[in-house]
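Colleague: Turn these sequences into a full structure, and let the hints steer you where they fit.
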Amino acid sequence: MAEKLTKQSNDYSRWYQEVVQRGDLADYAPVKGCMVIKPYGYALWENMQRELDRMFKETGHVNAYFPMLIPESFLAKEAEHVEGFSPELAVVTHAGGKKLEENYVIRPTSETIIWDTYKKWIQSHRDLPILVNQWANVVRWEMRTRLFLRTTEFLWQEGHTAHATADEAQEETLRMLEVYRCFSEDYMAVPVLTGVKTDREKFAGAVRTYCIEALMGDKKALQAGTSHNLGQNFAKAFDVTYLSSEDKREHVWATSWGVSTRLVGALVMAHGDDAGLVLPPRLAPHQMVMVPIYRSDEEREATMGACKKLEAELKAAGVRVKIDDRDHLRPGFKFAEWELKGVPLRVEVGPRDVASEQVVLAQRHSREKAPHPMGSLAADAPRILEEIQRSIFEKAKAFRAENSHRVDTWDDFLGTLNEKGGFLYAHWDGTTETEATIQEKTKATIRCIPLDDDVEDGACILTGKPSARRVVFARAY
RNA sequence: CGGGGCGUAGCGCAGCUCGGUUAGCGCGCCUGCUUCGGGAGCAGGAGGUCGGAGGUUCGAAUCCUCUCGCCCCGACCA
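Be aware that the first sequence starts at 14, since it is given in the working numbering, and climbs by one per residue.
Treat the hints as calculated values from the structure; they're not laboratory data.
You can take every hint at face value.
Derived DEER-like restraints, expressed as beta-carbon distance ranges:
no., residue 1, residue 2, range
1, 75, 150, 14 to 24 Å
2, 44, 77, 24 to 34 Å
3, 417, 114, 48 to 58 Å
4, 17, 338, 22 to 32 Å
5, 44, 22, 26 to 36 Å
Derived pair list, reagent style DSS-like, types lysine-lysine, alpha-carbon separation capped at 25 Å:
no., residue 1, residue 2
6, 232, 408
7, 215, 249
8, 232, 17
9, 215, 90
10, 233, 215
11, 410, 233
12, 233, 454
13, 20, 347
14, 132, 261
15, 90, 112
16, 433, 20
17, 347, 321
18, 408, 233
19, 456, 433
20, 433, 233
21, 322, 347
22, 382, 17
23, 456, 215
24, 382, 20
25, 410, 433
26, 90, 132
27, 321, 335
28, 17, 51
29, 232, 20
30, 133, 249
Remember, predicted model here, so these are calculated numbers, not experimental data.
All C-beta atoms in this analysis are idealised placements derived from N, C-alpha and C, irrespective of residue type, glycine included.
Modeller: If you want it as structure tokens, here you go:
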């Protein structure tokens with residue numbers, strides 16, 4: 014703990030790993046690509062879950078749980094789906110000491126088992142819509158893993174809905190995209206672009222994939238969430254039909270949408286600095302930590318007494334506060350540790366403060382430190398926390414604005430990508446071939462076709478062919 | 001799967017080229033004293049059989065063979 018973190022500017026990737034591990038978010042597990050999510054990291058995830066779950070329920074969804082093991086044959090029913098996921102499946106071949114008649118795959122996502130189930134649930138238009146979400150773990154055997162960003166097993170939520178009409182499914186897809194956008198911006202304080210994925214980047218089995226894309230501190234993009242319009246692909250693959258009010262048999266229309274523990278990684282890389290994590294107050298496990306400072310037993314009693322009184326007031330005011338009463342550690346050590354862990358507010362209470370009825374209030378994001386009257390701390394803290402929440406969101410937005418560029422020529426594209434990074438708004442001829450060529454040449458991918466971008470005629474940066482709008486390119490995680 | 005690196009104490013490493021007493025160092029841990037408003041100091045102490053298997057040898061962390069695993073970079077992905 015005595016050692017300094019690697020600076021972001023020296024080695025961003027190493028900085029990230031150190032922050033995640035030393036900040037007590039997660040650690041490596043014995044199996045390749047797997048991680049142990051430690052209590053502090055899990056508390057952060059739980060806070061995310063709580064808000065997301067509330068938002069899902071507010072939009073009419075209910076939770077359910079489907080099994081982790083899926084018969085291998087289910088995956089094969091939807092052609093694109095099986096092609097997309099086969100390479101990364103973990104397969105159970107033996108159980109109970111015997112070789113299985115049919116292999117089971119550990120779910121990489123649950124569309125197939127859910128649509129097999131929905132077939133039984135859906136008979137009539139009166140059974141629709143079905144608006145179900147599940148919180149679960151999934152396994153994808155990725156080549157290259159990184160803590161939180163891409164782990165072999167990860168936690169997520171996956172919503173799976175069934176609708177009577179294409180319009181309803183499309184509405185649902187966009188509704189959940191909007192839920193994700195709100196969550197990311199209002200709770201994580203991470204500004205995101207909303208857009209449509211190109212065919213090359215869309216979910217295996219979807220008609221259309223929408224996404225939220227965030228910009229990380231190293232100017233690389235991160236896909237933070239996806240919402241898929243599945244059309245009738247899974248309904249047809251699993252033969253899920255309903256009788257309409259006109260007594261006609263129709264295939265149902267579907268969506269699925271998900272966000273994962275990757276969001277924890279997004280939070281780390283969107284706000285973190287050379288001192289460690291910077292957590293947004295709305296999600297921070299501890300919004301405030303109090304560090305009592307003392308020498309003698311009398312001073313200890315006095316400062317701890319003041320801390321406890323403040324703690325009661327703050328809790329009553331709805332602040333998630335913790336007193337760091339560890340006796341064997343000195344204050345300076347605690348300051349550094351809580352900064353590493355990104356706690357938004359730190360309160361220092363020493364003998365001098367007790368005497369003058371004040372505390373020292375330190376803000377993590379700005380690293381500012383100033384005295385604050387004890388008497389008004391509890392009343393002021395919620396407002397200060399909200400100001401911090403807004404402030405780090407504004408900072409992230411400004412960072413994204415500085416790192417978003419409009420480029421019109423191939424040279425400009427290459428130069429900007431290599432020298433500046435960030436989001437590049439450029440014209441593209443709309444073909445998968447061009448997209449692939451650009452990726453081969455530059456490692457940049459089309460992150461999305463933004464929803465809110467103005468339509469504008471132009472010429473493709475690579476081929477010069479006509480383009481009706483700009484798309485967003487970036488190097489991505 | 002291709003390229004690179006690494007497995008020696010809880011963590012980070014040295015030792016290995018050129019085999020040789022009880023395998024070192026830093027951090028952390030335990031005890032005590034002094035400290036405590038920005039990552040404490042001193043003293044004492046516990047802890048490893050060197051990833052695994054086999055081989056060479058009087059003798060292997062060190063040499064040889066095989067093997068397992070992890071990390072980093074790339075292609076694949078939430």
